[in-house]
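Going down the list, the protein sequences come from chains A and B. Count the first sequence with the working numbering and you get residues 2 to 420, in order. Count the second sequence with the working numbering and you get residues 411 to 491, in order.
These aren't lab readings, by the way, just hints derived from the structure by calculation. Certain hints may be false.
[As the list claims (entries may be wrong)] From the derived model, a few chain B residues whose C-beta atoms are all more than 12 angstroms from chain A:
1) 434
2) 439
3) 445
4) 478
5) 487
6) 491
[As the list claims (entries may be wrong)] Pair ranges (Cβ atoms, derived):
7) B/413 - A/59: 37 to 43 angstroms
8) A/59 - B/477: 34 to 40 angstroms
9) B/411 - A/59: 38 to 44 angstroms
10) A/323 - B/449: 57 to 63 angstroms
11) B/477 - A/201: 45 to 51 angstroms
12) A/179 - B/474: 43 to 49 angstroms
13) A/270 - B/411: 56 to 62 angstroms
Beta carbons: idealized from backbone N, C-alpha and C, even for Gly.
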Amino acid sequence: MARKVVITGLGATTPIGGDVPTMWKNALQGVSGTHTLTDDWVEKYALPVHFAAKATTPATEVLSRVEAKRMDPSTQFAVVAAREAWKDSGIEEVDHDRLAVAFATGIGGVWTLLDAWDTLREKGPRRVLPMTVPMLMPNGPAAAVSLDLGARAGAHTPVSACASGTEAMHIALELIRSGKADVVMAGGAEAAIHPMPMASFAAMQALSKRNDSPETASRPYDISRDGFVMGEGAGALVLEAEEHALARGARIYGELAGTAVTADAYHITAPDPEGLGATRALKAALYDARALPEDVVHVNAHATSTPVGDKPEYTALKAALGDHVNNVCVSATKSQMGHLLGASGAVESVLTALAVYHRLAPVTINLENQDPEIPLDVVTGTPRALPEGEIMALNNSFGFGGHNAVVAIRSTGPKVELA
Amino acid sequence: MASNEEILAGLAEIVNEETGLAPEAVELDKSFTDDLDIDSISMMTIVVNAEEKFDVKIPDEEVKNLKTVGDAVSFIAGAQA
Numbered sequence: 002m003a004r005k006v007v008i009t010g011l012g013a014t015t016p017i018g019g020d021v022p023t024m025w026k027n028a029l030q031g032v033s034g035t036h037t038l039t040d041d042w043v044e045k046y047a048l049p050v051h052f053a054a055k056a057t058t059p060a061t062e063v064l065s066r067v068e069a070k071r072m073d074p075s076t077q078f079a080v081v082a083a084r085e086a087w088k089d090s091g092i093e094e095v096d097h098d099r100l101a102v103a104f105a106t107g108i109g110g111v112w113t114l115l116d117a118w119d120t121l122r123e124k125g126p127r128r129v130l131p132m133t134v135p136m137l138m139p140n141g142p143a144a145a146v147s148l149d150l151g152a153r154a155g156a157h158t159p160v161s162a163c164a165s166g167t168e169a170m171h172i173a174l175e176l177i178r179s180g181k182a183d184v185v186m187a188g189g190a191e192a193a194i195h196p197m198p199m200a201s202f203a204a205m206q207a208l209s210k211r212n213d214s215p216e217t218a219s220r221p222y223d224i225s226r227d228g229f230v231m232g233e234g235a236g237a238l239v240l241e242a243e244e245h246a247l248a249r250g251a252r253i254y255g256e257l258a259g260t261a262v263t264a265d266a267y268h269i270t271a272p273d274p275e276g277l278g279a280t281r282a283l284k285a286a287l288y289d290a291r292a293l294p295e296d297v298v299h300v301n302a303h304a305t306s307t308p309v310g311d312k313p314e315y316t317a318l319k320a321a322l323g324d325h326v327n328n329v330c331v332s333a334t335k336s337q338m339g340h341l342l343g344a345s346g347a348v349e350s351v352l353t354a355l356a357v358y359h360r361l362a363p364v365t366i367n368l369e370n371q372d373p374e375i376p377l378d379v380v381t382g383t384p385r386a387l388p389e390g391e392i393m394a395l396n397n398s399f400g401f402g403g404h405n406a407v408v409a410i411r412s413t414g415p416k417v418e419l420a
Numbered sequence: 411m412a413s414n415e416e417i418l419a420g421l422a423e424i425v426n427e428e429t430g431l432a433p434e435a436v437e438l439d440k441s442f443t444d445d446l447d448i449d450s451i452s453m454m455t456i457v458v459n460a461e462e463k464f465d466v467k468i469p470d471e472e473v474k475n476l477k478t479v480g481d482a483v484s485f486i487a488g489a490q491a
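Bound conformation, chain A alone (with noise of 0.2 angstroms):
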């Protein structure tokens, strides 16, 4: 029998709230974190999307000047996060060699290398400073965050663009099931709200041009979706064997009992159409958890609000639930914050988690008029009840490259009122 692994502590640092509780009555309530942008850049470069969905906390009122002055802005979400969820699990002691990391991004360090870009042409290289390249690498998160809890047991740092965060998830389990690890802290950051970034995702028509009101920008299965809106972060999970957990009296949220990633190999930025990578993800996750899909009572969607996207995922929860998807309900928490990339997965992670302990699952706005292809059962307006007893909740996330990440989430304990 492997071993269980337990959620402990959560973190977030996102666009509709700096830290959980914030968040989490946000995602209840249902408010829009994008905005128009208003830094210059948008104006300079004639970027043709004007708004974007940033962290309603800036890391640097959060960090010490000194510390945030070594990371990159997606570090220091990482950062952020990762301290809220520490926190919040109430570890006092820990075998900091059994203590491991897996925090993902999606994109890395992109404002810091394209800065250090500028000044080595504007100013040459004696002005290149030399903590670039530390604050520039995909694994600048995991490092801070390894460096910060003193975490031994590996830094791991899955990249597969916005199914990164899930994949972090996916990494944390095998550590902890196969021994190498009792603590991991999983998580995912993203800070590319940059107009280099914002230009390429425009070019792909990837991203939602509503700029006349962005606020209803983020729209996932509305018949009028046109992309989606670009957003910044973190999330973070403690994550906990679960005799580690009961050995200290832990508060646990719930039971992370299965994950699973696969590939496409169908195209570098296109779904498969049939969403047959993401069938056998969600498969593989429930076969992972030894579930059925009749456990299986919400699933917190990918669902980004793309024209081509949102469908797919449907056809795939389709195929891997049966009938059973008409007893599912979705949340497509996007609609609030936008697509925080490499981060999405662990806040989304984040908010399955909570909508498992509180039985409460999160709304999905702007949601006017319903694809008429994508018949889920959409939780619009105000939370929606999950039921007594135990129950399963799916966080599903998808990539460019192909890349699909599944995690499923059981219920631990009675269902527990918000304080």
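Position chain B against the provided structure of chain A, taking the given hints into account.
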């Protein structure tokens, strides 16, 4: 041309910006590594910022000789002369 006092004040400002140390902690007899706990990466950043501020060149091979704040002040004063 900056006086030694001005160079010290300027260096203290640069050190404060890089490390957060209070400017008044940056005294002539203080060792960058042993007293101020400045690592080699921060030291290089301080050197480059000092070059720009005082319009001098501090060759890489010279940096290892700048053990104390006083060493740096003397070098910069000499380089400006």
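Each hint tested on the structure:
1. 434: About 17 angstroms separates residue 434 of chain B from the closest Cβ of chain A, which puts it past 12 angstroms; holds.
2. 439: 24 angstroms, holds
3. 445: 17 angstroms, holds
4. 478: Consistent with the label, residue 478 of chain B stays out of reach of chain A, its closest Cβ about 21 angstroms off (over 12 angstroms).
5. 487: 21 angstroms, holds
6. 491: 22 angstroms, holds
7. B/413 - A/59: 37 to 43 angstroms: This hint holds: roughly 39 angstroms between Cβ atoms.
8. A/59 - B/477: 34 to 40 angstroms: 38 angstroms, holds
9. B/411 - A/59: 38 to 44 angstroms: Given about 41 angstroms between the Cβ atoms, the range holds.
10. A/323 - B/449: 57 to 63 angstroms: At 59 angstroms between Cβs, range holds.
11. B/477 - A/201: 45 to 51 angstroms: 48 angstroms, holds
12. A/179 - B/474: 43 to 49 angstroms: 46 angstroms, holds
13. A/270 - B/411: 56 to 62 angstroms: Holds - the Cβ-Cβ distance for residue 270 of chain A and residue 411 of chain B, about 60 angstroms, lies within 56 to 62 angstroms.
Comparing the model with each numbered hint stated earlier shows that all of them hold.
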